[in-house]
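Trainee: Produce the entire structure from the sequences given, and follow the hints as far as they go.
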Amino acid sequence: MSLTIPHVITDAHVVAKRNIIKIKRVPDLLVFTTLSPIMFVLLFSFVFGGAIDQEGGGAAYREFLIAGIFAQTVIFGATITGAGLAEDVKKGIIDRFRSLPMAPSAVLTGRTLSDVVNNIIVLIVMSLTGLLVGWRIRSTPLEALAGFALLLVFAYAISWIMAWIGMLVPSPEVVNNASFIVIFPITFVANTFVPLATLPEPLRTFAEWNPVSSVTQAARELFGNIPPGAPATTSDAWSLQNPAAYTLIWTVLILAVFIPVANAQYRVSTSR
Amino acid sequence: MTDAISAQGLVKRYGKVTALDGVDLTVPTGTVLALLGPNGAGKTTVVRILATLLRPDEGQAEVAGMDVLADPAGVRRKIGLSGQYAAVDEYLTGFENLDMIGRLYHLGRRASRERSRELLAQFRLEDAADRPARTYSGGMRRRLDLAGALVADPPVLFLDEPTTGLDPRGRTEMWEVIQTLVSRGTTLLLTTQYLEEADLLADKIVVIDHGRIIAQGTSDELKSQVGGERLEITVTDTNRLTEARDLLEPLGIGRATLDHQHRTLLVPVSGGASVLTEALRRLDSVDLRLDDVGLRRPTLDDVFLILTGHAAAESDDVPSGAPQQEVAR
Numbered sequence: 000m001s002l003t004i005p006h007v008i009t010d011a012h013v014v015a016k017r018n019i020i021k022i023k024r025v026p027d028l029l030v031f032t033t034l035s036p037i038m039f040v041l042l043f044s045f046v047f048g049g050a051i052d053q054e055g056g057g058a059a060y061r062e063f064l065i066a067g068i069f070a071q072t073v074i075f076g077a078t079i080t081g082a083g084l085a086e087d088v089k090k091g092i093i094d095r096f097r098s099l100p101m102a103p104s105a106v107l108t109g110r111t112l113s114d115v116v117n118n119i120i121v122l123i124v125m126s127l128t129g130l131l132v133g134w135r136i137r138s139t140p141l142e143a144l145a146g147f148a149l150l151l152v153f154a155y156a157i158s159w160i161m162a163w164i165g166m167l168v169p170s171p172e173v174v175n176n177a178s179f180i181v182i183f184p185i186t187f188v189a190n191t192f193v194p195l196a197t198l199p200e201p202l203r204t205f206a207e208w209n210p211v212s213s214v215t216q217a218a219r220e221l222f223g224n225i226p227p228g229a230p231a232t233t234s235d236a237w238s239l240q241n242p243a244a245y246t247l248i249w250t251v252l253i254l255a256v257f258i259p260v261a262n263a264q265y266r267v268s269t270s271r
Numbered sequence: 000m001t002d003a004i005s006a007q008g009l010v011k012r013y014g015k016v017t018a019l020d021g022v023d024l025t026v027p028t029g030t031v032l033a034l035l036g037p038n039g040a041g042k043t044t045v046v047r048i049l050a051t052l053l054r055p056d057e058g059q060a061e062v063a064g065m066d067v068l069a070d071p072a073g074v075r076r077k078i079g080l081s082g083q084y085a086a087v088d089e090y091l092t093g094f095e096n097l098d099m100i101g102r103l104y105h106l107g108r109r110a111s112r113e114r115s116r117e118l119l120a121q122f123r124l125e126d127a128a129d130r131p132a133r134t135y136s137g138g139m140r141r142r143l144d145l146a147g148a149l150v151a152d153p154p155v156l157f158l159d160e161p162t163t164g165l166d167p168r169g170r171t172e173m174w175e176v177i178q179t180l181v182s183r184g185t186t187l188l189l190t191t192q193y194l195e196e197a198d199l200l201a202d203k204i205v206v207i208d209h210g211r212i213i214a215q216g217t218s219d220e221l222k223s224q225v226g227g228e229r230l231e232i233t234v235t236d237t238n239r240l241t242e243a244r245d246l247l248e249p250l251g252i253g254r255a256t257l258d259h260q261h262r263t264l265l266v267p268v269s270g271g272a273s274v275l276t277e278a279l280r281r282l283d284s285v286d287l288r289l290d291d292v293g294l295r296r297p298t299l300d301d302v303f304l305i306l307t308g309h310a311a312a313e314s315d316d317v318p319s320g321a322p323q324q325e326v327a328r
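Just so you know, the protein sequences line up as chains A and B, in that order.
Mind the numbering: the first sequence is residues 0 to 271 in numbering that gives the first Met the number 0, read in order.
Mind the numbering: the second sequence is residues 0 to 328 in numbering that gives the first Met the number 0, read in order.
Calculated directly from the structure, the hints in this document are not laboratory data.
Treat the hints with caution; some may be incorrect.
Here are a few chain B residues that face chain A, going by a calculated C-beta distance under 7 Å [as the list claims (entries may be wrong)]:
{"id": "1", "residue": "L53"}
{"id": "2", "residue": "A72"}
{"id": "3", "residue": "G82"}
{"id": "4", "residue": "L91"}
{"id": "5", "residue": "R108"}
Glycine is no exception: its CB is placed at the ideal position from the N, C-alpha and C atoms.
Mentor: Shown next, in the form of structure tokens:
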């Protein structure tokens, strides 16, 4: 009897279920992952909002900001994948998994899938906060749903990078710090918090082709948050003219590279 | 009788450090082998190789008739592993932990649930079954971890230091559980630092130190390697200890050792009970009073000390192998 495709799926489901139970049992984890984005929404809206959008008193900036914060938060949410895996290695849970006749890939697949659930919860909380500070969805429900789905799919791809990092470095703390160093600049040198036009030249080009910008741009468009002639649409870069397509290309590329790489690293790291 | 576990020439190196330096062992089906050695001797490395968690640099091994290197997936279906630290998920309940493992053994939803409840009952965890494992005591976690290894009722079981870090009560409970398992025919490879544990549970003991097997055999065989019996007496009056030695040393086969502090005298002897009778007669004739007398066989602690030159559980401040004083990791 060899491992069959259904086993790959059911095993991943079992592992994902285990991680989701953990979200339920350790609510502090979810509280902290949602609290910081709520804080971001409020701080950016009311501290920077007035300076950036002087005529509107910040209302237009808040509308602009929300999709950016969504993007940053779901990407940070993906780091849970790496930290969670590193913790499982440390606690010997991975050894237990490896001594079982389960599909080896289910460990990482289950982890990345449960982190999507985590991100969905976070997105709901943030959307409610956004609505409170005046953000509105001005498109159709279907388009809005597509916007959320795109954010989640992109974050799912990032999860696999984090899974790789989680298997590469030894402790959950290191994973957190390492991913922070990478993710913070990537989510800031983008159109997440400021219009691209305000960036100086080398940064601006980077930001234009940064997939974080395209996923943010796509979400803004799908939520109907871009008024005609807004500064964010002035970029001529293909990536921002076709943000959804560009984001999906990145998503597929990341998955194509990091699913095998992370699984290979899983086999190497855990058999030492 | 076939061998449930057999390994030849296992070598594992970590950079310049040789963790295992050519280990051969066999465990006949239905028997218990204890791998005995101090921390860092290579016990866990052997278990990890046999349980397919680690590839050896050299050598080969078969578990339950399947090659560990060629068919690791096949081996995994036949084994249960319980590690040095309890690999239970502390956020899941006891039941959820076992059910998850059952599902990953592909027992099916219903069979997995039934088996989980059955094991929880067997390991006296019923009352705690629906509480997160982080509320469990150390002994309960260890039992849950062992239950996890038994979910699929594997014919071959690996237990890596099953009682390390447990208090004496937890240890006794664990021993009872293991003895029950073994009585039902499970083949067991157990690692331990505790001589007492190996003595109690194992059919055969392999002593390992610095990645090499330095002795093996039954508990009795190992003890006789170290030498035969000793006559041990404790006198009531320490001033008469040398007098006792002069009387008894001629009965022995080697030099007697004195311990004034504990008022004891040890004489290596052969001949068993007749020597004891003669010794008592001689002491009685001079009216030399005793607190204790007996024929002592060497303990496994003595075996270990003699074979390796150091005590079994080496530690800076705990010179003897007293289990209660050892630190888990």
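Trainee: For every hint, state whether the structure bears it out.
Mentor: Results for each hint:
no.: 1; hint: L53; verdict: 6 Å, holds
no.: 2; hint: A72; verdict: 6 Å, holds
no.: 3; hint: G82; verdict: 5 Å, holds
no.: 4; hint: L91; verdict: 6 Å, holds
no.: 5; hint: R108; verdict: 10 Å, violated
Checked against the numbered hints listed earlier, the structure breaks hint 5 alone; every other hint is satisfied.
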